[in-house]
Amino acid sequence: MKPSQEQELWMYKHMLISRFFEETIEKIYMEGKSPAFNMANGPIPGEMHLSNGQEPCAVGVCAHLTAEDIVTHTHRPHHVAIAKGVDLKAMAAEIFGKKTGLSGGRGGHMHIFDPKVNFSCSGIIGQSIGPAAGAALSRVMQKKPGVAVAYLGEGAANQGAFHEGLNLAGVWKLPVVFIIEDNSWGISVSKRASTAVERNSDRAVAYGMPGEFIEGNDPIKIFEVVGKAIQRARDGGGPTLIEIETSRLAGHFMGDGEAYRPAGEKEALQKIDPIPLMQQRLAKEYGFSDADDAAIKAEARAIVDEAIQFARDSEYPAPEEAMEKVFV
Amino acid sequence: MKPSQEQELWMYKHMLISRFFEETIEKIYMEGKSPAFNMANGPIPGEMHLSNGQEPCAVGVCAHLTAEDIVTHTHRPHHVAIAKGVDLKAMAAEIFGKKTGLSGGRGGHMHIFDPKVNFSCSGIIGQSIGPAAGAALSRVMQKKPGVAVAYLGEGAANQGAFHEGLNLAGVWKLPVVFIIEDNSWGISVSKRASTAVERNSDRAVAYGMPGEFIEGNDPIKIFEVVGKAIQRARDGGGPTLIEIETSRLAGHFMGDGEAYRPAGEKEALQKIDPIPLMQQRLAKEYGFSDADDAAIKAEARAIVDEAIQFARDSEYPAPEEAMEKVFV
Amino acid sequence: MSQVKERKLTIARAMAEAIAIEMRTDDKVFVMGEDIGELGGVFGNTRGLYKEFGAERVRDTPISETAFIGAAVGAASDGMKPIVELMFVDFFGVCFDAIYNMMAKNTYFAGGNVTVPMVLMTSTGGGYSDAGQHSQCVHATFAHLPGMKVVAPSNAYDAKGMMIASIRDNNPVVFMFHKALQGMGWLGTEKDAIVHVPEEAYEVPLGKAAVVREGTDVTIVGITSGVHHGLKAARELEAQGVSAEVVDLRSLVPLDRDTVIESVKKTGRLIVVDEDYHSYGMTGEIIASVVEAGVALKAAPARVAYPDIPIPFTRPMEQWALPSPEKIVSAFNTMKEI
Amino acid sequence: MSQVKERKLTIARAMAEAIAIEMRTDDKVFVMGEDIGELGGVFGNTRGLYKEFGAERVRDTPISETAFIGAAVGAASDGMKPIVELMFVDFFGVCFDAIYNMMAKNTYFAGGNVTVPMVLMTSTGGGYSDAGQHSQCVHATFAHLPGMKVVAPSNAYDAKGMMIASIRDNNPVVFMFHKALQGMGWLGTEKDAIVHVPEEAYEVPLGKAAVVREGTDVTIVGITSGVHHGLKAARELEAQGVSAEVVDLRSLVPLDRDTVIESVKKTGRLIVVDEDYHSYGMTGEIIASVVEAGVALKAAPARVAYPDIPIPFTRPMEQWALPSPEKIVSAFNTMKEI
Ligand SMILES: Cc1ncc(C[n+]2csc(CCOP(=O)(O)OP(=O)(O)O)c2C)c(N)n1
Ligand SMILES: Cc1ncc(C[n+]2csc(CCOP(=O)(O)OP(=O)(O)O)c2C)c(N)n1
Ligand SMILES: [Mg+2]
Ligand SMILES: [Mg+2]
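For the record, the sequence lines run as chains A, L, V and U. Okay, so the first sequence: first residue is 1029 according to the numbering used here, each after it adds one. Okay, so the second sequence: first residue is 1029 according to the numbering used here, each after it adds one. Okay, so the third sequence: first residue is 302 according to the numbering used here, each after it adds one. Okay, so the fourth sequence: first residue is 302 according to the numbering used here, each after it adds one.
Since the hints were derived computationally from the structure, they do not count as laboratory data. By construction, the Cβ of each residue, glycine as well, lies at the ideal position given by its N, Cα and C atoms. One or more of the hints may lead you astray.
[Claimed, not checked] Label-pair ranges, simulated between beta-carbon atoms:
id, chain 1, residue 1, chain 2, residue 2, range
1, V, Q620, L, P1063, 20 to 28 Å
2, A, Q1337, U, D559, 53 to 61 Å
3, L, K1127, V, E515, 53 to 61 Å
4, A, E1327, V, G380, 34 to 42 Å
5, A, A1296, U, G486, 30 to 38 Å
6, V, G380, L, Q1298, 47 to 55 Å
7, A, G1285, V, G380, 18 to 26 Å
8, L, R1289, A, A1296, 39 to 47 Å
9, L, E1096, A, E1286, 40 to 48 Å
10, U, G413, L, Q1033, 38 to 46 Å
11, U, G413, V, Q541, 35 to 43 Å
12, A, P1304, L, E1226, 29 to 37 Å
[Claimed, not checked] Using 27 Å as the maximum straight-line C-alpha spacing, the simulated DSS-like pairs for lysine-lysine come out as follows:
id, chain 1, residue 1, chain 2, residue 2
13, L, K1061, L, K1294
14, V, K533, L, K1061
15, V, K599, U, K599
16, V, K533, V, K566
17, V, K352, A, K1172
18, U, K533, A, K1061
19, V, K567, U, K599
20, U, K567, V, K637
21, U, K352, V, K599
22, V, K329, A, K1201
23, V, K329, A, K1171
24, V, K566, U, K599
25, U, K329, L, K1201
26, U, K566, V, K566
27, V, K352, A, K1171
28, V, K599, U, K637
29, V, K628, L, K1127
30, V, K309, L, K1061
31, V, K637, U, K599
32, L, K1055, L, K1294
33, U, K329, L, K1172
34, U, K329, L, K1144
35, A, K1144, V, K329
36, U, K309, A, K1061
37, V, K329, A, K1172
38, U, K567, V, K599
39, U, K352, L, K1201
40, V, K352, L, K1294
Based on the provided sequences and hints, a complete structural model is requested.
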């Protein structure tokens, strides 16, 4: 199952939107945070986990999904939210804590909920899993179409919720696909130091489901392998566990000194940044020209700029609105 | 690694002690509970989980252990406590809630703690695992001998604590052996209905450790397979996961109507009751006579009777002692 | 209500009946939990459902509370109305994140755009020597954390009406039922919890306390078992010539402070009863709520709660530690007048 | 104490120093947790330990809180003295059983024959827009459940002395440190928490509150951030001619009710401040403890606590919801005299 040219362009474009979005957020995040770095300050306060480098995991999977499919994510959700079609203006405004944000500023960057496209996340490690299984169950019970995709980091694969959720999905043969974004780090702790197996996909046997490891942070390979898993889920063939080798090009969160990272690791990863690689592929495969590239980049940048401008221009909610939406 | 005759006799004797203990507890438990069955009444109030049928899991493992080794168990702990050498008088008194009990009556049947032989348990599913891993770690750090054995039911193998604990033991190569007593039921829910794999031992690959399944509820096979695992742990070779096919001859707890059990299942299991099978084996292997059997049974029964008598004769603690031992 | 014919039910049966009624009229409602299927729930509150609705809508789960409660959150947000059972509330520690950080907060995180209409039912309480990991109430542990309603009936009428109201509520509701009130003989039975229950569907509103006995000299506030201790104490106090008012909170969140305050304004005295632990619990909250409202008191308020100790197994210790009518009477008799 | 030379430390450094001192003298002491090794802890409280003691005694763990806290229970019962870190207290929901049903109760279940000498350290608090799953205090959630000591320092001197006392305690101790007091610039820093800390080992006893400012008109009771709000409010009140006494609880369990009661006996007025949620929390407990003791009050007690809402991300909402000196002053000024 190869992606069409259109699909590849869609993937590239969404990788670009995500990357530009993160680069922009990165800059704005630092506003008001120098000379002294204090998370509480600036237009975007709080923790900030960027997804630079992990875009292939977003687009290779979401290329197969429509709005009705369910995606649950983690504390590092922007790239996948973008690929899933979350309203970027409302998401940007949410990250700025504005009234026009997805939740009116209550959730922030770790709590992106957009029911229009069935996207949600949790800041607690492993908690993308149970809700995805439950949404998948809901579709089966309601006899409605739609699969669920739960993303998690490789660090989360050592959390109890992983085991319980995958077993439940396995026993009930739910239409859900589990995607591990293996960026090899859980904050400062390496996969090797925390995980008793080389590949989390090997853990699939423990749940009676197929497991796949995808090397190389390659959107096309991801598209192919995940496509089959999603089709199987749609066809009633049950869940799949997929681990994708990817890379965290930035720190765990902004402000992370990353002294724990082996010398040269980041530089080596920069060299295999999936975005230029995708551009080269498009050029080779479809004769995608520099002009084409400039055009798609301009388009992506305009989308990001518009969203950021919307966020900047929006008003803050009234403080007392904090009391609303606890119960509905 | 075959058991010696002496070891086989030790195993048989402790299976008998356990079985007689449970049969006696079963009777006494019903005192004061008829005509109306009310758990709160009688000399042994509260829940009562009997281990009849699971004796091979106790003796086949504990035959390899000394008092300095650590065992953690579950809500169904009597057989293993007995094989591990927990003071039977103090344990019986505990189950009666007497002052002479292991904890002076504070813990009861689900909370058997005997630090003299490093035995403990928890009534929460899966919570035998972390403490065993930690005790194993403690021995490594203190450079003291001793392995840890964590028991759990097959139902517990779907609890998050299982996954986390086994991964931790795997990453740190701890001297711990995980023993699943697979009696195929978690209260009324069958293993098949709750577990995405046929054999939990297959889950060992997820933790980089060897996994073994032992069929037939056979103390000798258990002795052999577990012996190797314990030796490997003692030798610094890391953890092992072992699932033992066993049988729950009684209800989940006393008072369980067991309507959920397929017709004939219990009768079939009675036919392969490991205790007469062991007796036959001893007869065949060592010419163990009916007189020998009567003697060993009398010995076992005397031990149980003495413990029960001690429990009966002991005094209740003063009510206000409830306030003591919260902090020490 | 006009009673056509007395139809006394246990809380267990009232709960099962309420669930069945809602399952018949709303195909989004389903039940998940351990042993809630063929077995009918360890405490009987799903009895009959499996037979009527089948394994698809009455789902036995693995012993994986984090997974199935998390799944309920996901299903509820996708249009379903799950009722999940946490067999003993004591087990909340293995799955509380799914409860308090997701079930309770997702609606807020989504600015109200996502709802989580689910019921988490769970058993509480001791008294039958089930020891320290199977006898707790932990009312305050749930009620302290925002985003979930927390209710707990003391009789079968309320149980049915509150269960129906809980299922129909658009918010997550924790429905706590006390084992000793459940009407399961094997747990001992509080007979006063077995009352007339109408056959039809009705709601008892969540967040409204009930004055279950009127009086003028002292207000006794309780929930579940505490209400029954309070009522018994009130009868004993009556023999002493003391008129006690008894308030059944019924709901910890929302908390009906007004009803309690009105009552204490009238009586001037307050005793709060709780089988949950003493410190940082419901008793402290009720007393603080009354005094911060500036209610004039005739005596220092008192509490009869579980001491701050793990629940002991042995009968003498456990019975000694539990709240009781005698302790309430004695609290009244030793009240410091001010 | 006579100060030879001022040596101001942050709470983070004071904690790391205390741990290092104990690790040097007692080889049973070790540290486990996420990112507590080379990184030195996300909040800096294990900085330097990895370098001095190595990976064996300063162990980075997988993201498996149930496993490593359970392991700490097992190790502690086997003669070790583990210090484990739960990175944010908000994560307790994934591992609370190991904490409240094992760590806290095993000693009791064993009739005192097993000890669990471990420290669980964990960060609390918000104020820097980390939203609803990374800003909570949940003081009462821990303090409500029996069998564990629960302490929380407001300054570096106490932090060191209480950490040493916690490590040496034969019981499990939950050591809560508030992020905004930690002295990490990136979290904003409460400067008053950075105080002189003697180099040598010393203990600050667990379970003793401190009167950190004397006064005669009102008692302000707080813990961690609440103490600093209280002290600032006291300075503002002084400008109004009001003399406020400020009590730093320091320990939630054991709770030093006597010190609070003595203070309120003197002042006749009580304001309790808590960054934890309002209902069923510390504020209610303190107020109830004072009034049930029959202390004569000049005004109805008041509380300044976090409202019963998930913690919002956006700065305007979060800052509005947090306790503050202004809210305390205003609580005083609107107190209902009785
Ligand atoms: C239960 C829980 N434990 C710890 C954390 C703190 N934490 C946040 S992100 C993170 C690392 C996660 O690693 P991984 O799953 O690989 O995701 P990545 O950050 O690499 O995307 C940790 C430990 C948390 N949020 N939840
Ligand atoms: C976390 C948790 N969930 C549920 C229970 C209730 N419970 C007690 S025993 C049991 C069944 C356990 O099955 P298994 O692990 O196979 O052990 P067995 O009873 O067969 O010995 C259950 C669900 C519990 N004690 N703890
Ligand atoms: Mg990672
Ligand atoms: Mg079983």
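*Would you list, in rising numerical order, the hints stated earlier that this structure does not obey?*
Structure breaks hints 3, 7, 8, 12 and 21.
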